[in-house]
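Make a model of the complete structure from these sequences and hints.
In the numbering used here, the protein residues as written are 174 to 435.
Hints may be right or wrong, so weigh each one.
[Claimed, not checked] Taking lysine to aspartate or glutamate and the EDC-like style, the derived pairs with C-alpha atoms no more than 20 angstroms apart in a straight line are:
hint: 1; residue 1: LYS414; residue 2: GLU363
hint: 2; residue 1: LYS246; residue 2: GLU301
hint: 3; residue 1: LYS245; residue 2: ASP208
hint: 4; residue 1: LYS246; residue 2: GLU272
hint: 5; residue 1: LYS264; residue 2: ASP227
Quick caveat, the hints were computed from the structure, so don't treat them as lab data.
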Amino acid sequence: MEPEESGTTYSPWYRKSKDIQPFVLFSALHSNETDFHCTACFPWTPRSPTILWDGQAAQVPNLLSQWEAVAKKWTGAIAVGATGRLLIFPKLATAIPIEVSLSSESALQPDAQVRNVAWILSNNTPLEPLVVFTVSSVITIFNVATRSVVGRLRGHGGLITSLSVHPIQPHLFCTTSRDFTTRIYDATLEPVQVPNNPHWPPLPQPSLAGPAHGLHMCEPEGEGIGQCVAVLVGGRSGGHKGAVLCSVGAWNCLASHADVQH
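So this is what it looks like as structure tokens:
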């Protein structure tokens, strides 16, 4: 607690229920009998390209002016994970939401729950914002510009518990899981279809130990875009000592894309 000038004890606004709050309720979103589980607001501004990818995007001719139109369109948009669907409410819920029904995804149960959601950007297509969301152990990437699913990834062996995005390299995102692992994904790459693992002596053939040991899966990783570029594990014989519940601050361990990918 910090003392105020009047000598009284400082108290944050959310503990002053009788005072005027520093926000105005613009609109209320209704679930129509569908439970909401998670939300993510569009996180960027018209000037974001001067910061993202260390400012390299701002050097592309005409990209900054084109991005301003994208930011204007999606500022205030909210992605909401619900039971059986993902909803994207555009512009402070002033338009009909975009709906991604899980019943249309053959790999997912129609009554499954979208438990984690976040916005990402690929520097391959920086003018097309993407929403990544998780259902159980499956990751899905949705292109809000084309309104189509552009990636579906597998790999976690348990429920995905959290999802976070690199603040400067927004094509990188991190997932944690009850399978004792944390995974880093790159949305600019395609899923690995055939494992390319080193051999573990004395065996001459490539190892089939799998992702829990930091290796590629023994089956296709997924379809579309997105590739797991790192699995954070506790050692050669396994992952963390328990379920990994949150990835906040995980990016402090990763200095740059080069450290992850190369």
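Inset, instruction - Determine which of the earlier numbered hints do not hold for this structure and return their numbers in increasing order. - result: Violated hints (numbers, rising): 1, 3, 5; every other hint is consistent with the structure.
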